[in-house]
Every structure is written in C-alpha cells, then in structure tokens.
Amino acid sequence: MNTCHAAAAKRRRRIASALVASLAIAVTAAAQSPREEELARSQYQSGLDFFQSRRYAEALKDFQAVVDSFPKSSVADAALVQIAMYQLDVARNPDAAQAATDKLLKEYPGGAAAPMAYVMAGRLAINKGRAAADVEAALASYERVPRLFPGSEAVGAANYYAGNTLWLVRRTEEALDRYRRVTMEYPRSIWAARATLAEAVVLVQTDRAMRALEELQRVRQQFPGTPEAAMALNYNTIIYRLYVRPPQPAFAFSGKYIGAETAKFRDVIGVSVNDAGQIMLGHKTGVAIFDAKATMVKSVTAEEPSAFFVDEKGRVVTARRDSLVAEGGDYAAIAIPQKDGKLRPADEIPAVIPLSNGDRLVADRKGKAVIRVGISGKYLKNFATLNAERIVMNSLEDVAMLDKDTKSIVITDREGKQLQKIVPKGTGYELDNPVDIAFDPFGNLYVLDRGKPFLYVFSPKAKLLASFTMPEKDTGSFPKPQAFGLDAAGRVYLFDDRSQRIQVYQ
Amino acid sequence: MSTRKRYVASAFRRTFIALAIALAVLPARVAMAQASDPQFTEAKRLFDALDYDAALRALDLAITGLEAKAVNDPARRELLPAAYEMRARSKFGLGDQNGAKADFVALLKINAGHALTGQVSPRVVALFEEAVKATVTNLNLTVSPPTAKIQIDGTPVPASSTLPITVGEHTISAEQMGYRKAQQAITAEAGAVATVTLTLERVSSVLNILTTPIDVEVSIDGVKRGKTAAGPPPPAFNEAIANAKLTPDQVSAVMVVADIPAGSHVVEFTRDCYVKQETRIPVDKPDDYTVGPISLLHAVASLTVRANDPRAQVVVDGQNRGSAPFTTADLCEGEHTVELRSQSGRFFKRLQARTGDKLTIDGVLKPGFALLSAFGGQPGGADLRVAVERLFDPSTSVTLFAPPSEQVDQSLRANQLQPGWLAFDANKRPMGNSTDLVQSMRRDLGLKLASTFGSQGVAAITVIDRNRVVLSILAAGSNDPDVIEVSLDNADSVRRAIAQLDRMPAFFRPSIGLVGVDVADVAGVVVGGVDPNGPSGKAGIKVGDLIVKAKDQPIADAAALAAALAASKANDDLILDVKDRTGAVKKATVKVTMTPRLIGIADQSLLVNAILVALRSRLLAAADPTEEAVMRLNLAAALARVEAWSDAKTELLNVKLPEGSGVANGTVQYLLGLCADRLGNRSEAEAAYRAAAASESLLTEDGPPVKDLAQAKLVELQRRSGL
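As they're listed, the protein sequences go chains L and A.
Numbered according to this note's numbering, the first sequence spans residues 1 to 506.
Numbered according to this note's numbering, the second sequence spans residues 1 to 723.
What the hints contain is simulated information worked out from the structure, not anything from laboratory work.
Backbone N, C-alpha and C fix where the C-beta goes; we use that ideal spot for every residue, glycine too.
Just to be clear, a hint being listed does not mean it is correct.
[Unchecked claim] On the chain A side, residues computed to face chain L include the following (Cβ under 7 Å):
id, residue
1, V519
2, A520
3, V526
4, Q604
5, S605
[What the hints assert, rightly or not] Below, a list of computed lysine-lysine pairs in the DSSO-like style, where the Cα atoms sit at most 27 Å apart:
id, chain 1, residue 1, chain 2, residue 2
6, L, K103, A, K428
7, A, K101, A, K133
8, L, K463, A, K542
9, L, K72, A, K133
Turn these sequences into a full structure, and let the hints guide you.
In structure tokens, the structure reads:
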C-alpha cells in the first residue's frame, strides 16, 4: 500500500513539475518581444523609484501600467506584489491588496513573485483580525512558502512575517523562534536584518535587553548603510540609554533647541516626531513643523486645535472642538450617541490617534470617555471610560491613555481590554501632574510629569527603568514641561513653558 | 656387350643424364612456388632421383593440377613450365621423343621465352630448339609511352622492345593512367618476326605526388584522394628528389592521381602534427605532372605543466603523462585538454596550441565538479557544458569541467540516468527526472559518478530560457545540491555567480573578547558585552565603557574598531583608549586572539556543497592542529547541513575544542547531539545535549547560545519518548 501511495505521490510530483516546467516554457514561449520586455522593466523600475521616494500615486500608476500593458513580461508578477504591498501598507485598503494578491496567484502561479504572493496572503489574513482563525490562516499561508518554494528567499520573508504574526498575538517565544530561523537560514538576506530588529524588540520586552544589543550590532555590521542598520543604531541608543548608562542619568540636555527664541509658542497641545524625523509642535494657531536642523519647514494653520495627528496620507489632522479637520479641508464631525438615541457633538477632543485600519480613537472630554470612530468620524463604539488627556499607541497597537482625573496611565490592547495600569505612586516615582506620554519602539512608556518636573520611563511590564530631571538653574532644565515627543532614537523633544521652545535631550 | 654391361652402361647414361639434369638448379622462384604444390614437389623428387616412370606419373598429376589453376596464378605461371620441362625430359629419357617435343611445345605456349635450365643434354637441347623453331617467334613491340603496362592475351609481360611469342593469334594491349587503352590483334607466324607498334592516346593528366613524411592526406580541390604510402619512389623521380635536397628513402612512394582535367587545381597536404601545405597546380595540357616532393613541417608546440600539488598527475587529452612537473616538446598543433588530478582536486584547461608556441601552465588544483548533463537545452546544439566550463574558469575555489560526451553518456546509461537527473530550478524545485530520485539515491549516485570521473563532485545544467540556466552542484556524499542561477549572456550575472561560488567563510576571526556597539550621539564604541575570561576582561574593560582610540587613532564607531582589529594578527597587542562611566580615560592593552567561526548549519544562503569540497581539500593540507580542528568542525556542520549525519559524527568525534564561550566544546556537543538524534540513538543524543546545555558556548560565533537550543531539544526528546 505504501509503495502504491509513494508511486502515486511520485507521479503527482512529476505531473506538478511538468506543469510548472510547461508553464514556464509556455510563458517563455509567449513572452514579450525584447523591446517590450525592456519597456516593462524600465516602467517597473520607475515604479520602484517612486515608491522609495514615497510618491505613491506615481508608483502605483507605473506598476499598474506594467500589469495592464505588459502582462507577459517577466516583471508583471513583481508589479502585482508591489501593488498589493502598497494597498496594504500605504493605502490601508486590504480589499484592493487581496485582489492584487489573488490575481497574482491565479495568473502567475509559477512566476518568480509567486512565493511573495503567499506571504501577502498571510499578511492579509492577520490584517483581518487577531482571532485564532485569522492567525492560523496567516501561519498556514506562510508555511506554504518553504514547502512550495524551498530555495526561495521569500522563505525568509515568510518566517519573518510569521514571527510578526505570533508576536502580535503575544506568542513571544514562538515569535523569537521564527525570527531566529530567518537569521540562521538566510543570514545575508535583508529579512535577517528585519528579523533581528524584531527579535531585539521581543528580547527587550522580555527583559533580555543586553542580548538585544549584540544582535542589533550585528545588523549594523552585516547590513551597513541600510535603513535597517539605521534602525539598529536607534535601537542600540535606546537600550544604551536605559540599560547600560545607569546609574548615570539616562538623558542629558543636548544644548539644542527647536524653534526660535522669539517664537513664543503658546497653548502648546503636543509635540511629536514623524517618521521623517520632523518635529511637529501643535499650538494655539496650528501646527509648526521643523526639520532635524530645527528649521521650520511648514506651518499648518488651525484655530485653537486641541490635538493633532498625521493620517495615512501624510496630512496633518487637527482636532477642533467637535471635529477632525485634515489639511486640504477634509472634515469629520465627531458625535457620540446618547442614551436617548440622540447624537451629542463632541465638545472637546484633548487627544486622538489613528489606528492601523483607519479607525480613530478619540478622547471625549465631556463624556470622560475614549471612543472609536471610523475614518469619516462615524461613531463605532466606546473604547474606554476615563478622562483621557493623552492617548498613544505602540507597535502592538496597545493603547496607553493618561487619565487626567486619576493621574494614572491605563494600557489596553487594541480592543480596549486592560493590560496594565501605572498608578500615580510606585517604587521610585510619584506622578504629581502627568501631562504627556509616549511609547518608544520597544513599548517602553515615557511619562512627563509637570508637577514635579520629571520624565519617567516604564518598561512594558510597568517597571520603572529611568527617571530624569534637572535642577532648575541648569541650562536645559524644564521647570514647566508641557508636552514632549520621542524620535526614533529615543531622543526627547520637550516643550517647556518657561523657555517656550522645544528642548532636546539625548 | 653383355646384358649386364648394357644395363650398367644404360644405367650410367641415365645416371649421367639424371645427374646433369639434377645438377640443373631450378630458378629460385620455382623453388619457392614448388613449396606450395606438393604434387610438383613429389614429381621433382622423383625426377631428381631419375625415376622417370614414377616421375612421369607424378608430373601428369602435377600438370593436371597446375593446368586447372587460374591463368595468372603464380604457381601455374612458375611451376607449369618447369613441370612440362621435367616431363619432356623424362619422356626423352624414356625414349619418347615425340612426347618430349609435345611437352616442349606446350611449355613454350605457356612461356615463349622459356630457357632450359641447368646442364642439359645437347640432344634435349636440340629437341627443344626444334620445338622453339616451330612454336615461337619474336615480337617487336613498340609502345608509346614506354611506361605503359603491356599485356599479351591478358597476361602482363614486362616492357621490352622484343618479346618471344608463340605462333598463332594473340591480342596485345597496353594501358597507362591518363591514356586511352590501346589494343591490337596479331597473328604470329613461325620464322617471321611480328612487329607491333602501339601508341596510347593521351586523354587526361596524372599527378604523381611525392611527400615527406609519408601518410599525408592529399586533397585535390577539396576532395580527399588518399594518403601517401611508404617509399622509396622509382628512380625516375630521383632528380626531383635531389632538387628538393632530399634522399629517396626520405620520400614516400608515388601517389598517382589520374583523371585530372585541365585547369588550375589546389592540392592540400595535411597530416596531424604537421603544418598543412597547399599548392596550386596548373594543368595546361594532358600530361604527367610531378608534384613534390612536398615537405611538411612538424607542427608542434612545447608544453610545460607545473602544479601546486606535488602529488598531481598530468593528463593530456585523456592520457596520463606522469607526475607534475611535466614537459613535452611535441604537442601537436590544435586543441588539447590539459588536466592535473590529485586526491584533493583538479585543474582543467582547454588550450589551442600553435606551431612554435612555448606553453607553460601553472595549474592550481581546486576541488572539481564534473559537468555531466544539460537538461532542457537545444538538441543538436553546441555543448552547453563546455560553455559553462569556460565561463566559470575564473572561479578560484572550484574547477567545473566537462568530461567527453561519450564518456558521460556511457556513465549515465550505465546508471540508468537521463540528462535531467540533477535538474533543479532557481527555487531548488526538482525538474525532469530529478523528481524521481529520493535524496538517498541522489547521494549514492552522486558519490558513484564523482568516483567515476575522479572528481570531488558532480554538476548539471538546467536550461530555464534562452540564456538563463541553473547550475546544480552536488558534492560527493551530499544529497542536497546547491543551485546558482546565471544568465549566460550577462557578464555581471556570471561574475555574481562566480563570486557566490567563491565566497568561502573565514574560519577564524580576530577578537579581543568584547562586543562593541554603536550609539547615536556618542563618539566612540560603547562596550556592550565583555567576556570576563577574554583579553578585554583581563585588561579591566567593563560593560558601559567607551572606546575612543585604538593604536592612538580616534575610533568613531564599531566599524573603525573592527578595521583596526582586522589589521591585527594573533597575539598582537592592541592598545585602546577607554573612557569609563566617570569620564576618566585610561589605556588598556589587549591581546588579539583568533577565535573559531562556524558556518550556520541552517544557513540556506551558503553553497554548502562548494564549502564541503573546499574543506575536504584544505583538511588534506592542514598543518596546524587548531586550524584542523576548526575546519573539521565546519566540515561536520556542512555534512550535517546535507544530512550526512554519520559522516558529520565521524568528523565531530575528531574535534577537540576547549570549553568556553563562543564556538567551543559546547558547540561540538550540541552538534553531536543532533547527529545522534538523527541517527536514532536517543541516549547518546541526550548525553550530548546535556553537556551542551551546561556550557556557555554559542552555535556560531554570533550565537545563539547552545544551552537554549539544547534545552529545547531535551524537552523535545522527552516529549517524543512520552508519545
């Protein structure tokens, strides 16, 4: 019986291989002319260049042109992968991403980009949700890659995303195992660098920060000049600051200021640093944006905004009274349903953040609640019941909310289920008047206390890692801290009401 | 006279006659021919013994037998006249003169120029002459050209102006190449000389070709006409030979090529190892033309072959020529293959030798992969294996060579393999007949074929499209080939493929026992980790310190420190300026050590088959015990990677490393555990894993710690045993 099965399996393998070979030959036979192939490749490269410089609309046009005009070219399938990635990661349009992935799997099952199609299918599965079925569907899709394409570099990508999936559902040791598999099996692939970065986050979160330091340094050695090497430097810096430098203070004033001494920003509502390293300062009349050299590059006018964020399209969105207004005028009114069924407009929105699926978490001052609304502002559900002064989110999409009334920080998962709570007083700290919070890439929570001017850093397990203050007489002290933001290397950009400028600490 | 006296006298007479006859010496050719005719031999014996009666009877038989032979039979030609002569004399001796005369006539009809041999009785001579007068006349024959071959009645006769001919009807013919054959019938009468003049009509030209050396292929106007044979040529060509400053024994026999039409003809002379010659012969009118002697120059080059391995054997064109170094001065012009073969590797080169070249080859032996098949290529097209062999010649780590097609075909047939037996695509999916082979079969076949071709592995080409191929390489003993995709018409692609093949990991790296990390906004290298037993630990460097200078040069980042380290040798002192947490700067002198490195057994990006053969080769020459141990450890890892667990274990058992951090004894124990586990020896695996779990070693110099891995394996073992 076993012999029969083995023979049948062998026949199936042979048929499958013959089909693949035939398809490859057929594709080759029906391939474009050399001139058309050259055109297709040029257009594909143009799309990649646009994508790299974040000109996504142009990139999408190029990729779509390759798919539509040169379907038999050798890069048509790769263009579909790029479209799927854009739709998922940039446009946040999973349906369009799914359509591109399905087309790729159907029309180019044996092509060079087919392995990445299965990776995309896995990513789309976990994007739907974090239920067990979603996780298993995602993992199954990733596992197809090494089975069907054993020698492909996409195996590294599949294991990386499998690790991410496991990490998202807090199966951290399994996630670590997957990341290590990438670094062991494909040490020279860029996926190994990414897996190491992800592994470092897990190690820090599981109290193995010094081990993470060694791993990160390897990324810098083996992938010099890459964005991953730059990220490793940032991670190293944060770990050094929090785990190696003590007992020396974690921070010191750098001597740098953002904003002119004469600017005198008032009623600062928040400071943040975007992915491009620009420092954004929300104030009474809008949002000022500075580059890393402290030169103001842009100013978004808004009348007394209470909060701001940057949306999926890179626009500054400000919260004003009862609405969210994006640059260019898009407007989303926020109204909360009452018990009587009527809608009450939001009165004051002290905090708002975007979620990865396009929803927003909005702090409703009047209702002392945090609500979840859609991209259009439509109320979806209540998220948390507290008087949130600030809301921030980490890479796991855990949400930290600063409760103005209780001076505590509540940390929940993305569905609102409470995970942690940092109470006002604990070993080594006391929160007098916490005014701002922020997560670093490792999920460490930074809390700025205006009452006793301190900056505290708590680990993901709510353990105090560092506390920082400066004597008032010292240059760079912050006797009246109002808001702060963190850059990718954990540097603190703190607005102090006395100096009325952003002061940089590293 | 009494009867007795008469008898004695008669006997004496007979004896005298017989002696006279017996004293006659038969011509030598008759003596030779008679050896093939026992009848004749017996008859002669009787004749020589004067036993005429018995001789007569024997001669009757002999003559009957000889008459039955073909007219041109040498025995008939030589022996029949002699037989008739003996019979005639016997008859004469017995008193039968008429019979004797009749036999003389018969003899003369066979050979008109026959002369009685030896001392013959005058009466016999007279009788013979009577027969001659009645039977033979002379023929005056004039033939033009005089070199024509003459036949009378179909029997070749020597060229002569006067020939004896029997009376009667005859046909005279003459022929020569380049002439129309001529023929004339005559009637020869007794007592009258016949005169015949035959003039052959010239109809075409003849080339008489002479060469030195012999065995030269002659082509006329592109058509091969044959080869020149051994000489010497006839004296008629002596003048031409002398003009060429040669001697007749140096020159070939004349090669006659007839039927050459008028016009200009190109005559080519070729022979292996000689410079081809060509000459143009204008044929204006039908005539004999002498071509040559054409002297061909020896077309040879000299070849010197040296090898980096003193045990290497030199093989030229498949023939073993002995050990290197090797020199020959008679390498024929043309294409050749030169190989060096030893246990550790192979060198292979195809070269084109031209006359007078002084070729020197300094061969560096590298592990060799025999390119055995090309799957998916154009049937009848150029040998893709040779093309790939040439493209990969610059590789510094392996030799890819294409054995002769016939040898390859034979080997594949003998093992019942098709060309696609090792076909894989770029994603390492089996194609063609490769899908039919399980890994153990592939391993066994690869081992066998590598042995057949004297190589360290085998390779195959799978054609993906017009110019893209996938090269699969399989080391002897491996079941899992490496695959490299390459576009044959893209120089960059070929360079990348070669670079991939040549990428050999270093097995040691310099270390000072600390982990230096880059931190933004900090000038220098932060110490992120220190081995307390390492050089930096012993020099008092601590985690959190900042290295700001090395060898008095500022160090901006970890790359700069790594560069300073890379420039150092084992046991060098590296002087560092180190700032501690308080900001105080101190100098620390650390000794550079060379720490072992290990390839990742799971590393899919390694061409592990290339590494396998390279390590095997290097181990043969390893001198330092530490280097040998580390190479053996890496070889074991490579073998583990291709699932040759038994071989891997054998290597590991010969590796002795100290305990410690980094790649050390714990690493060896963990790998031994893996081997034992895969070979089904649970208790051995458990013991090895426990030893690994108690160590501080790493799986590779960058981690992970083997204790974590070993612990996980122990849990897995327990879980499996509980099932």
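Sort out whether K428(A) lies within 27 Å of K103(L), counting only the CA atoms. holds (25 Å)
Taking 27 Å as the top limit, are the C-alpha atoms of K101(A) and K133(A) close enough? holds (12 Å)
Hey, does the V526(A) contact hint survive, CB to chain L under 7 Å? Holds, because the Cβ-Cβ distance from V526(A) to chain L comes to roughly 6 Å (cut-off 7 Å).
Quick one, is the Q604(A) hint okay against chain L at 7 Å, beta carbons? holds (5 Å)
Between the alpha carbons of K463(L) and K542(A), is the straight-line distance 27 Å or under? OK: K463(L) and K542(A) at ~26 Å, within 27 Å.
Given pair status - K133(A), K72(L), alpha carbons within 27 Å: violated (106 Å)
S605(A) was flagged as interface toward chain L. Is the shortest Cβ-Cβ separation under 7 Å? Since the shortest Cβ distance to chain L is 5 Å, the answer is holds.
At a threshold of 7 Å, is the proposed contact between V519(A) and chain L supported by beta-carbon distances? At about 5 Å, which falls below the 7 Å cut-off, the nearest Cβ of chain L leaves the hint on V519(A) intact, so it holds.
Hint check: is the beta carbon of A520(A) less than 7 Å from a beta carbon of chain L? Status holds, d = 4 Å.
When held up to the earlier numbered hints, the structure conflicts with hint 9 and nothing else.
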